[in-house]
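Novice: One letter stands for each residue in the lines below.
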Amino acid sequence: MHQTLLRQFRDPELCHTLLTRLRAELDGELRFMEVCGTHTVAIFQSGLRSLLPPQVVHLSGPGCPVCVTHESEVNAFLDLAGRPGVIVATFGDLMRVPGSRGRNLKSAQAEGARVAVVYSPPDALALARDNPGDTVVFLGVGFETTAPTVAGTVLMAREQGLSNFKVLAFHKLVPPALEVLLSDTEAGIDAFILPGHVSAVIGTEPYGFIASRFGKSATVTGFEPVDILESLLFLAQRRRQGRAEVKNLYRRVVSDTSNPRALEVMNRVFRPCDALWRGLGRIPDSGLEFTDEFEDVDAKRRYGLSIEECPPLPGCKCGEVLRGRLRPDQCPLFKKACTPAKPVGPCMVSTEGSCAAYYKYQVE
Amino acid sequence: MCLAVPAEVIRIADGVATCRLGEGQSLIRASLMLLPDLPSPGDQLMVHAGFALRIMDPAEAEETLRLLRGGECPIEGDATACAAIPGAPANALRKA
Ligand code: SF4
Ligand code: SF4
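The listed protein sequences correspond, in order, to chains A and B.
Using the UniProt record's numbering, the first residue of the first sequence is number 1, and each one after it goes up by one.
Using the UniProt record's numbering, the first residue of the second sequence is number 1, and each one after it goes up by one.
Just chain A, with the same shape it has in the complex:
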């Protein structure tokens, strides 16, 4: 039943109707940025991108945790990997992300570091249980969607008395990054499609400032073509009306209010701190660090890892791409020195990165 219902969000006929209405609604260029990597892929994969009217300009934002992981943070991963008694547990996507000297976790593994790819933080916990003589360090990246799952795993570890489970936490929070993007006039972003599952945790209220302070509209939406077209129609309509509004168009999954239980777990284990974002630099209160109650789980403290801010990779324009100032194919390295097989920057590494999507779907 549910699957049949979900399939209707791909109904070609309904998409066609929405596209016609969108065309009628447009009164000029609409530069929209989607903040989530899964939206980026959905827009390309469904073929939607080539169907959009030319006035709709599509910008891919900093919505992929892999893409926004700073070079200095990757350096910290590499510093940790290979230490005696340490097993690094990570989501597979981080394996090929380059640090400041072009090295990545895959090269560290080839040199003998023990690196295990896991699908979820509880898998990393199981690894700690199976290797009592070692310390398993999970690399915590990702936004408000992932942070509660890592926090939940930390609580499980404590309950199970597993003291050989640690986390190197570089989680990031979406709303402060949006403020930076909105303050950047060069990209000229008119509207946002916000990450659907971040809102499954924080609700839609924390996004109100996009309309009230910056006068831009935004929607929280799902990942099917109908969801995205409905959002674009809404954004175009609000602009024509001269109104800015933040709207939840993903009610089947998200409510306007937060998931209080997930937030409670996240806020017990983590508290906000300044964070480094690849391409966006240091953003106040946009990251998460361990609260005092859980400092024993903090791999940063346990291994004395210092996060030295290092310069970006030479030639890589990921920063400009993530801000919406540059299209991936405008980067001089795109398809030349930088390909998915031999990525220079993280936007080409991650399957949800905009450079990888441009490459794969051969956008003109």
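If you're looking for bench data, these hints aren't it; they were derived computationally from the structure.
Quick caveat, the model's predicted, so the values are computed rather than measured.
Partial selection, computed: residues in chain B whose CB lies under 7 Å from chain A:
(1) E23
(2) R54
(3) A61
(4) L65
The C-beta atom is built at its ideal place from N, Cα and C for all residues, glycine as well.
Based on the hints, put chain B with the ligands in the right spot on chain A.
Specialist: For chain B with the ligands alone, coordinates are given in the frame of chain A:
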């Protein structure tokens, strides 16, 4: 990297739901620790990295489709925030 997926609850034991993934036959386990309310078998969950984050609401999906097919999109009201776009002509403010 972050793949939240819809999954249908088959059974629940010790705060963990065993769920069917999408249309396939593969099963996944999801901790219910982050949910404010307990789901029931047959409920559709949004699962991310081993944890259920929300119970999905099929009635809302049906309502969205009904409104869109009826040409009523997007619905008015209950916005999180609403403001006039700076620089927009005043007479642009009219009802949808
Ligand atoms: S967690 Fe989900 S919604 Fe958030 S950025 Fe990742 S894919 Fe997008
Ligand atoms: S094409 Fe490669 S080098 Fe250029 S911005 Fe994208 S990832 Fe960076």
